[in-house]
Amino acid sequence: MHRKATLISAPAGFGKTSLICQWQNQTDREVTWLGLDTDDNDERRFLYYLVLAFQNLMPDFGENILPVLQTPQLPPIHSLVSLLVEKLHQLPQQTALVIDDYHFIDNPLLHDALEFLLLHIPRHLHLIISTRADPPLQLMRLRSRDQLTEIRTADLRLSTQEAADFLARELGFVLSPTHFALMEKRIEGWLAGWQLAVISLKGQPDVDAFVHSFAGDDRYVLDYLIEQVFERQPESIRNFLLQTSILDRFCGPLCDAVTGQSDSQENLRHLDRSNLFIHPLDNKRQWYRYHRLFTDLLRARLAHVKKDLIPVLHQRAGTWFENEAMLSEALSHFIQAQDWAKTIALLNRLAWTKQYQGPTSTLIKWLTAIPEDILFTDSRLCLFYAEYLATLGDIESCKMFLQRLERIWQADPAGANAISLLHIRGTICFIESNFSETVSYARRVLKALPPDEKVIRASATLALAISNVFLGKVTEVETTAAEALALNQAIGNPFGIARCYNIMWMHLMMQGKLQEAGSAFERMHQTARGLFAYQLVIPNIYLAWIYYQWNELEKAKKYIQIAFDVAQRTGRTPYVGFAHKVNAEILSAGGEKEAALAEIESGVKFIESPVLHFFTGEIRAYRAQLWLRTGNVDAVKSWMASNQTQIARPPSFENEHPHLAAARYWIATGKVEEARRLLQQCYREATAHERTDSIIKILLLSAIADQKSGRRDEALASITTALSLSEAGGYIRLYVDEGPDMQGLLTSLSKSPSIVKKGDPSPVSSTYLTKILAAFPQSVDKPLTAGMHAPDLYKLDPLSERELEVLQLIKDGLSNSEIADKLFISLNTVKTHTKKINQKLNVSSRTQAIARAQQWGLI
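Residue numbers (the working numbering): 1 to 859.
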């Protein structure tokens with residue numbers, strides 16, 4: 001026990017489990033068991049029962065892990081085992097975990113998980129692995145470090161004396177030395193063999209004949225012994241054994257239902273008293289299972305002698321489990337009975353809850369067990385399966401599945417699946433981010449649905465609501481989200497309910513109501529930690545962004561990290577690209593420009609992968625904005641060229657971020673009028689849909705453009721309007737991120753007599769304005785051309801020779817009139833040259849122009 005682990009490896013029937021039980025009765029350690037079978041190769045199932053095993057030692061063990069196992073896609077298994085290891089250090093001192101029948105595990109991921117567990121297991125926990133074959137673990141490493149105790153077949157073989165004592169005790173008489181020697185030669189110390197021999201020898205009229213037959217050259221000794229045991233039972237018991245062998249676990253009433261008898265409980269007591277390969281599963285001896293070896297042989301015999309009875313038995317078992325509300329067990333039996341009508345009916349009851357309360361892979365395993373031609377007759381299950389694939393982010397598989405459905409269903413356009421076909425086409429549009437078409441299909445579906453069809457109505461209304469979010473239609477979002485919430489609550493779909501809440505709170509953010517949205521997202525933590533924990537990805541991303549806007553960067557970092565962690569653990573991937581974008585903003589605000597660029601590249605790489613994702617335009621546009629801040633003009637110019645079509649489209653919420661990025665580029669390169677025209681169009685579109693958040697962003701850029709073009713009063717008016725809209729939400733970073741241009745405008749505004757001081761009614765609070773100004777760093781970034789070098793600028797719009805002459809004379813201290821006389825040009829022409837110089841150098845005064853020109857080596 002001083003080592004990390006004990007490996008007990010021997011063939012079936014050598015008493016591995018019995019040995020551990022005997023040790024458990026003698027040890028002072030707290031011991032818990034994890035018994036395995038073939039179904040436990042599923043990672044969720046394995047980890048689920050592993051957590052339950054540890055809960056026998058510590059009831060609250062794994063409370064942070066079980067919700068993760070309920071999600072559509074598991075994170076890397078090492079991350080889950082790491083969470084387990086952290087919790088293991090809190091277990092009571094001197095404990096042991098027994099993993100019994102590990103030979104059933106053939107999943108490489110689970111082997112890796114156990115390897116990881118062995119590597120990090122705390123000192124007070126001892127691991128015991130019982131198996132028929134050596135597991136593919138690094139046993140040599142454990143041996144070399146003296147961390148492994150091994151018990152092998154040779155250690156478990158009964159010695160001659162032990163076997164003789166066992167026979168004498170169990171038989172009540174002593175075999176002759178000859179008979180004993182013959183038996184020992186064939187059994188070779190195999191405990192189960194001796195046990196089986198004892199059962200067969202009891203009441204044997206001709207011991208000599210039996211022993212010699214047993215000792216004969218029979219390759220199927222095990223089959224022979226089981227048949228001897230089986231055949232010697234009364235016919236009623238034989239039938240009972242065969243019929244109940246289809247059950248993985250059983251109790252008296254269940255056996256009654258399967259066999260059609262009424263004496264099953266007495267039969268179970270008889271088998272228990274006879275030690276006939278039956279194991280009680282509880283202290284009250286109500287539930288049992290057969291020895292697995294015995295089960296296999298009974299099932300093989302049943303298939304041989306009464307094959308046609310097998311589906312009938314499964315049908316009876318399924319019906320009993322269904323009546324007892326044990327729907328998972330019922331489904332498994334109905335599938336084995338190939339009762340597809342019952343299977344589909346039960347799946348429709350489970351589909352909207354099982355995804356959130358148990359291993360989703362099990363549910364999908366049930367779905368895929370149904371013949372495709374039968375599955376395709378049930379539109380709701382097909383839609384659920386498609387939603388599952390979409391949730392995983394497996395966009396190609398989802399589209400292929402939906403398109404296959406579409407081909408089948410469109411053969412009967414007026415049939416029962418006509419409405420579902422419309423819904424599927426809308427779902428494909430949503431996956432492809434074609435939200436306008438999604439809205440169109442959703443409305444057609446809702447119009448055509450009968451009043452009693454609740455599931456598809458809830459799904460279509462939810463699709464309508466979330467599409468309106470991505471289309472930026474604030475007024476429509478409010479109505480459709482509330483309706484979708486009521487419908488999903490009515491059908492008990494927690495996933496849909498969580499999505500509705502997220503939509504409603506995204507709606508608050510679009511209105512600029514950051515305080516209300518932040519409070520709502522915080523509440524979501526308490527709601528989503530249990531049943532649908534993976535819905536925490538979106539709230540945490542937006543909480544990070546909200547705290548970023550409030551300039552609380554440490555809190556922003558905390559929440560964005562939680563978002564990444566939850567996304568990794570739960571496989572909730574569609575929003576990971578957006579999380580990278582928000583993290584890049586946080587890093588940039590903290591002065592980590594290179595890290596921000598690397599982070600946004602990760603976001604772009606993600607949205608270019610073949611998975612479901614959103615915010616594509618916003619992510620790429622922010623990369624262009626970062627390039628502009630860091631002077632990578634060539635990259636921005638290339639981005640503008642490749643996005644000409646999108647930038648040329650009329651303003652919309654889908655194009656808002658690319659349009660704002662284009663406006664920034666034009667401001668930075670002196671094309672201020674183009675920027676102003678585009679921003680005016682964007683402002684009208686955002687105002688029409690009441691998107692306050694968008695309006696604030698547009699006003700700030702418009703103010704900078706107006707300032708650059710000499711429209712100072714208009715710039716200050718835009719800033720004043722933006723401040724009045726943003727104060728309630730507490731926006732700060734929108735202003736600070738615009739750098740010295742914005743700082744200058746805000747400083748001017750703070751000194752303006754039009755600003756009413758604290759305590760007086762005013763659309764602009766001096767306190768709020770002071771708070772924003774205080775957030776600017778001492779050494780602010782340069783304006784929109786920050787980081788550009790002269791060669792970069794020349795590639796875009798270089799100063800002409802005449803402009804360089806004017807610039808040199810400005811440096812020499814000449815006035816505009818003196819420059820006009822010197823160059824023999826008019827005063828208006830000098831002013832025009834000066835204005836263009838300021839635009840190209842992105843400055844607003846002679847002093848700034850001289851400093852920038854010297855910095856770039858132009859003069």
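Treat the hints with care, as some may be off.
Said to hold, decoys possible - Below 20 Å or equal to it, Euclidean Cα-Cα: the simulated EDC-like pairs (lysine to aspartate or glutamate) are: (1) K306 - D248; (2) K671 - E714; (3) K605 - E594; (4) K447 - E476; (5) K835 - E690; (6) K835 - E801; (7) K284 - E266; (8) K831 - D821; (9) K202 - E184; (10) K671 - D634; (11) K513 - E674; (12) K831 - E803; (13) K593 - E654; (14) K87 - D106.
Hints listed in this document are in silico derivations from the structure and should not be mistaken for laboratory results.
Comparing the hints with the structure gives:
no.: 1; hint: K306 - D248; in the structure: holds (19 Å)
no.: 2; hint: K671 - E714; in the structure: holds (18 Å)
no.: 3; hint: K605 - E594; in the structure: holds (17 Å)
no.: 4; hint: K447 - E476; in the structure: holds (17 Å)
no.: 5; hint: K835 - E690; in the structure: violated (36 Å)
no.: 6; hint: K835 - E801; in the structure: holds (15 Å)
no.: 7; hint: K284 - E266; in the structure: holds (14 Å)
no.: 8; hint: K831 - D821; in the structure: holds (13 Å)
no.: 9; hint: K202 - E184; in the structure: holds (17 Å)
no.: 10; hint: K671 - D634; in the structure: holds (16 Å)
no.: 11; hint: K513 - E674; in the structure: violated (31 Å)
no.: 12; hint: K831 - E803; in the structure: holds (11 Å)
no.: 13; hint: K593 - E654; in the structure: violated (27 Å)
no.: 14; hint: K87 - D106; in the structure: violated (26 Å)
Going down the numbered hints, you'll see the structure goes against 5, 11, 13, 14, while the others check out.
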